[in-house]
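Chain residues, written in single-letter form:
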Amino acid sequence: MSRILDRGEPFFYPGNDVGCLLVHGFPGAPEEMRWLGEHLAKQGYTTLGIRLFGHATHPDDLTRARWQDWMANLEDGYHWIDGACSQVVLIGLSLGGMLTLNFASKTPLVGAVAMATPWELPPIVERLRPIVHPLSKVWRFRTPSEPSDWRDKEAEKLHLYYPVQPLRGISEVYDLNAEMRSSLKHIECPVTLIYSTGDLTVPTDHAQQIYAALGTQDKTLSWVENSGHVLPRDAEREKVFSTITDFVHRVTGDAP
Amino acid sequence: MTMTMPGAETFFFPGGKVGCLLTHGFTATPQEMHELGTRLASQGHTILGVRLFGHGTRLEDMARSRWPDWLASVEDGYHLLRKWCDQIIVIGFSTGGCLSLIMAAELPVDGIVTLSAPYQLPSIPYLKQLYPILPALSTFVPPIRKGPPVWYDMEAAKSRVQYDAYPMRSVYEFGAMLEDMRPRLSKVTAPALLIHSLDDGFIPPSDMQHIHDSLGSTEKRMVHVQNSNHIITCDAAREDVFRETESFVTQFVKHGA
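From first to last, the protein sequence lines are chains A and B.
So the number in the numbering used here is just where the residue sits in the first sequence, counting from 1, plus 52.
162 is the number that the numbering used here gives to position 174 of the second sequence; each next residue is one higher, with no gaps.
Everything labelled a hint here was simulated from the structure, so no lab data went into it.
Treat the hints with care, since some could be wrong.
To be verified - Derived lysine-lysine pairs resembling DSSO-like cross-links, with alpha carbons at most 30 Å apart:
1) Lys158(A) <-> Lys146(B)
2) Lys94(A) <-> Lys242(B)
3) Lys71(B) <-> Lys209(A)
4) Lys94(A) <-> Lys205(A)
5) Lys209(A) <-> Lys94(A)
6) Lys237(A) <-> Lys271(A)
7) Lys189(A) <-> Lys158(A)
8) Lys237(A) <-> Lys158(A)
9) Lys242(B) <-> Lys175(B)
10) Lys71(B) <-> Lys94(A)
11) Lys208(B) <-> Lys5(B)
12) Lys146(B) <-> Lys71(B)
13) Lys134(B) <-> Lys146(B)
14) Lys94(A) <-> Lys175(B)
15) Lys271(A) <-> Lys158(A)
16) Lys291(A) <-> Lys94(A)
17) Lys291(A) <-> Lys71(B)
18) Lys5(B) <-> Lys71(B)
To be verified - Sample of chain A residues facing chain B (criterion: CB under 7 Å; computed from the structure):
19) Pro62
20) Thr109
21) Gln120
22) Ala124
Even glycine gets a Cβ: it sits at the ideal position worked out from N, Cα and C.
Same shape as in the complex, but just chain B (with noise of 0.2 Å):
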């Protein structure tokens, strides 16, 4: 018996002298991001997915975590995949994104690219107005169960691995990474692309247009894909996603060195 969950592992796929390292978002596992990870490894690049901590085992793993904790798990990658090659990309998924911006304002990158990444809390109803009490309410209220999934392809919701739940004290550390991340971003400044869909019913486009016209970097540029919910590395519009991500990566490669 293993303690991370089937289908939840990390991956790695050697390859050439451009590195991607690929991190998931909230609640969810390297799975999100593994067809990407297949489809960059094919275009010969090397391929590095990491786990954030409390991710993929247990949902009170996940309520024992605090953000800083996933920011770790990034930068572990980061150090795992510097000797593997020249020029490191970093691509995250939502959450992931947010982890792979703060780091970008640390460490050398030379290449973001962000998927359906959050700006601010969500408009839940109340959720702004509960949000500083969270860690209180969370020594005593359950994990939030999540709803049916809301997908454009359906069979694809089907293969996700993740949990059913979001515990409050996370929720709370998602609050708490994105006050962090906000002043950051006008300290990253490596070529950036940023990719959201026009249907993602989680966090609205808006939000990627506040990340762009926050970002330090000269170069970047905004991609919106359509029929796809907040999961666009999985959804209807991958292939949109994976297409975009792969010429962004290409751009990064030296011919004839």
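The shape of chain A in the complex, shown without the other chains (with noise of 0.2 Å):
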């Protein structure tokens, strides 16, 4: 039996020497990035979905991940895809936008895409931060009960993630969270930020904070409005493919 669940594998689809490093959200899967690393590939471009560690496996193994794996496997997808392109842009849903956004601060990219990102996280989880650790050991894990907010049901149906969130995890975000913030004034290369008004994880200033907070003179920011918060696989994803292929274009300066 493979360690990794069915559909939860990274892909790496070959093409040309623009790379799109594609990074997944909280608790998800890679499988959140495949259609729009397919579209992606199928424009020509080189594109690298990676697998967040504690993500895909078993919801135990999230809650020994720390902030810093999720670097470090981001690191990991940056020197594979540059094994194979002279140019990479990233492009991060939710908790991937979070990691996007603090290695573009660190690292010369061509571009970086942040879809559905957060500004900062609800302000019960900063209340529970000081005791969240010894507290996370008795309660581990919290079963959200939130109403969905997909508008493309079908798609839902296929949405690989953990119905359970590992409430050290969370901390974990939390944490990662910050360091974005005091990152984007850092950050240099062309940005571009999707958001949808639909999603009921991340309210829709959250988009103008993070606007404003980048460091950068070549920044976008675009809407959607009949998606949740899972932009690349909801109801407006052609939308947003599109808004992220004309960005990769633009920046690379490469025809599709």
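Using the hints, put the two standalone chains together into the complex.
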């Protein structure tokens, strides 16, 4: 039996000299980014979707994950795709967006895309943060009870993610989020942000806050309306795909 | 600042239709597979080197890791390489060899190379007796410092990128991985090349014989090298190891297709 869940495998599609490195969200899987990856591969780009540690295996693994592990996973992915491409664009969803922006502040990239990326986590996470490490040893998982924000119910059925969220994992996302906020002013590469007004996880004003904090002069903010949080899978994914394709095309000067 | 130790980065060399998946050993990093990777790439093959989870970052990350995490890292590499080639040869050093064998018992591979791979826990005094209580001990006993390197090529030893200690919990995971591997070996059927040094002071060459005898493969061959300690991909006999591995991999190249 494979350790990685069926459909949870990372992917790497051969293509041209332009590489797109795709980073999924919490507690999701590379599957979230696969349709986008296939779309970019069809445009000719080399596309790699990494798997973040603790994801797409067993929820217990995610209780042992630290945000530094995820940054290291991104570095792994970057070195792989860098072996095949001369220009690399990073594209992340939610947690993947935080990792993307944090990475973009440290490594020269030709561009970065962050989708549905939170500026901050809900206040309850901040209040629990001082006690969450011991607390997470006894209260290991929470089962989300928030209403679904998916608009494409067929795509929702295919969504691969853990139905439970490790408390410790949430606190790691919180710590990374703080890192991300302080890194934004150091980003110099072109950035595009994509959000949905229908996202029930990330409030719309987070988009403006990240946009304002970005150090780069080359920044754009795009919106969709008829999608939930999982932008590259939900109803308006085609619009998201073409926004990203146009961005990759523009920043790499590569004819699709 | 990066999370990965300088020199411990993963690597990918695009090439021909034969893909080689390279996996390093316990407490080490992709660095110990890098030269073998560049050699195989120069022969025209596609090469991907993975970093095992918990390795090449901080020692406390390794102490947090479990052996199935390491296996998942190898599986990641397998899936990444898949679209770049028609055939996959898994090449693993020591623990990386064991993980390659465990994966090859489940996922289709076209060939296997193990280098200095262990079959059982090495005969370190008291290790077998202490093994069951290592997880408990690891909560208060600090990692075991490594001694000075014993190499035949001391220059090569200097460029090594690795942790300088063994977390006790990880020693337990190493043993648990071996326990998982042994009954799976009969399910491995791909052609196999096994290389071991007669001068390996850590894992005895008899371990290679045990793996060889347990493998389900009909095509399997053992090669002994000399004048190298355990790290045969970097120590004095590395050219012998590269040559044997290259000629094994080259047989998978389809000509005139």
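Tell me, which hint numbers fail for this structure? Numbers 7, 12 and 14, in rising order.
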